[in-house]
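The numbers in numbering that gives the first Met the number 0 rise by one with no breaks, and the one at position 69 of the sequence shown is 68.
Calculated from the structure, these hints are not laboratory results.
Predicted model, so just to flag it, every value in this text is computed and none were measured.
Ideal placement from N, C-alpha and C gives every residue a C-beta, glycine not left out.
One or more of the hints may lead you astray.
[Stated by the list, open to error] Estimated spans, in silico, between C-beta atoms of each pair:
1. E43 with Y2: 37 to 43 Å
2. R20 with L48: 41 to 47 Å
3. A31 with L3: 17 to 23 Å
4. V47 with G16: 23 to 29 Å
5. L14 with L35: 21 to 27 Å
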Amino acid sequence: MRYLKAFARFWFDFLVGEDWRIAAGVVAVLGAGGLLVSADALPETLLVLLVAAAIVLVVVASVLRSAPALRRAPARRPPP
């Protein structure tokens with residue numbers, strides 16, 4: 000049981016990592032893409048491009064969201 004727990008913790012840490020919003024966004028985009036595939040709503044080529052663009056947008060939005068926090072971080076001064 001200990002190994003199963005460690006295995007699950009590794010994969011959670013690997014997939015979610017620092018920002019759970021990216022993982023949730025990617026899951027939502029892939030889920031929406033899967034629904035569109037099953038409904039046969041769009042041509043496959045267009046769907047692949049839309050899903051890829053949406054994943055890129057999720058990552059860019061996460062970076063832009065954290066950018067103000069990076070600018071507010073105090074600058075480190077070298078020791079005297």
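Results of checking the hints against the structure:
{"no.": "1", "hint": "E43 with Y2: 37 to 43 Å", "verdict": "40 Å, holds"}
{"no.": "2", "hint": "R20 with L48: 41 to 47 Å", "verdict": "23 Å, violated"}
{"no.": "3", "hint": "A31 with L3: 17 to 23 Å", "verdict": "31 Å, violated"}
{"no.": "4", "hint": "V47 with G16: 23 to 29 Å", "verdict": "25 Å, holds"}
{"no.": "5", "hint": "L14 with L35: 21 to 27 Å", "verdict": "23 Å, holds"}
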